[in-house]
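**Student:** Line order of the protein sequences matches chains A and B. Going by our numbering, the first sequence opens with residue 152, and the numbers climb by one from there. Going by our numbering, the second sequence opens with residue -2, and the numbers climb by one from there.
Treat each hint with caution, since some may be false.
As the list claims (entries may be wrong) - Simulated pairs of lysine to aspartate or glutamate, EDC-like, Cα-Cα distance not exceeding 16 Å:
1. B:140 with A:381
2. A:236 with A:221
3. A:209 with B:129
4. B:140 with A:221
5. A:235 with B:129
6. A:280 with A:335
7. A:209 with A:182
By construction, these hints were calculated from the structure, which means they are not laboratory data.
Chain residues, written in single-letter form:
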Amino acid sequence: MSDRVGMISLIDVHKSFGTQKVLDGLNLEIEAGKTTVIIGRSGGGKSVLLKHIIGLLKPDSGQIIVDGDDISRMNDRHLNEVRKKFGMLFQEAALFDSMNVGENVAFPLREHTKKKDGEIRHIVRERLKAVGLAGVEAKMPSELSGGMRKRVGLARAIAMQPAIVLFDEPTTGLDPIMTEAVNELIINTQRNFDLTCVVISHDVQSIFKVGHKIAMLYEGQIVEQGTPDEIGASKNPVLNQFLAGDLDGPISVL
Amino acid sequence: MGRISASMDSLGRMVIRNIEETGKILILFLSVLSWMIRPPLKLRHIFKQMEFVGVKSIFVVILTGTFTGMVMALQGYYGFRMFSAESLVGSTVALGMTRELGPVLTSLMVTARAGSAMAAELGTMRVTEQIDALYVMAVNPVKHLIVPRVIAGVIMVPALTIVSDFMGILGGYFVGVQILNINEGAFVKNITKMVDLNDIFNGLIKAAFFGLILSLVGCYKGFNTTGGAEGVGKATTEAVVLASVSILISDYFLTAIMF
């Protein structure tokens, strides 16, 4: 195994909300410097899984290891240090609507670095350029379209040059062209910043484009994983039904 | 029999829920205290909240304070006239304003204006994942969002109370002396004779306590919002109701202790 930063292992992770089991002994290795796409049904626990990776939720049992540290049993101060390795793009971008675009992207820099204003402005400009949105610093989030908000969200996520970026359904709710643009953006950002990316999605077309590795989450476990080619050739009935969008098969619709 | 036990059941559940909620608000308070003493404290955020809670509430506080003082003078006049003690109207208004109505009315107005806004703003941030985004960026939301609001509440509600006290007495003076022709000298002399500096100070201590309650409750309700737009509305309503009721109840106990 390489010892570069950005490696994540989930070992036997269990999580229930009340009587509902969401993660049921989940195991997953996420390789550093690659894009791993986790697919699964809406409401199937993908977001819960992502929130475990960054410590927003704690597992009932099991380990979540980021670069050798188990974050599931960490205190807040430690966890905050680990979180500085992460950036996250939320489903609706989660931009702070009391701040303009420039202040949003600058926010993590202002909070965690002692950089001068001019330097921060420079970084903000660079990051916005990297997501194809040069010169929108003064706009408020409410003035932006859904696709632009996601781009700004990504610019903010990579502001601190994290090793790992998490994407929560990056293409949900976008038109086909914007979907393609966001996919391109994920691919380019991953390559240019040499990131470990974890993408959760149920957009079948996108996953084969952006993923180096694809993992299928079903009933709280990873039921199949592999490269896009391996996934495409898989005989797993759950995976095949999901990819084909069939009503008949092991996944019950109701 | 079944109906009685069912209603006892729901009563018990309600009591437990309320105790649990009080405990959670106290835990939030302790966490606010512990973050408050940990540098760096962002003055910019605090001033922004002080402006929102305080400066922007001045107009409503002036309005409510003035008219409260005016109506107290009017009502007091009808009563005192029966035994020719009209000159006591001024001191009644002044004592009523400084001890009770100044702090209580001001904090109720600020609850309606700023406490509700805190719940709505934090609630919206919660349901749009902006609070999660803070956690992800390794910024503690209690320190970043709640500490400035609580500090602003504790400082600005007493400050507004001073304005309210002053305007109330001024309103009472206007109605008593200018409209009802009470002797000006007796009116003013009774105020200075009857109103102790302690009356004003104790009123301000109450106001600081109410400012703590309304900001803490507003933040607590907003911070723990669930369930989208409907949840934000519910959190806002609950924040205003809970804060108002808590202010009025704690007012009795604070008064019993202090005066």
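**Student:** Check the hint pairing residue 140 of chain B with residue 221 of chain A against an upper bound of 16 Å on the C-alpha distance.
**Tutor:** violated (25 Å)
**Student:** Sort out whether residue 182 of chain A lies within 16 Å of residue 209 of chain A, counting only the CA atoms.
**Tutor:** violated (22 Å)
**Student:** Is the straight-line distance between the alpha-carbon of residue 209 of chain A and that of residue 129 of chain B 16 Å or less?
**Tutor:** holds (14 Å)
**Student:** Tell me if the straight-line CA distance from residue 280 of chain A to residue 335 of chain A falls inside 16 Å.
**Tutor:** holds (14 Å)
**Student:** Checking one constraint from the list: CA of residue 140 of chain B to CA of residue 381 of chain A, max 16 Å. Satisfied?
**Tutor:** Violated - the C-alpha atoms of residue 381 of chain A and residue 140 of chain B are around 47 Å apart, more than 16 Å.
**Student:** Starting from residue 235 of chain A, check that the Cα of residue 129 of chain B is at most 16 Å away, please.
**Tutor:** holds (14 Å)
**Student:** Check whether the Cα positions of residue 236 of chain A and residue 221 of chain A lie no farther apart than 16 Å.
**Tutor:** holds (14 Å)
In terms of the numbered hints stated before, the structure departs from hints 1, 4, 7, listed from lowest to highest.
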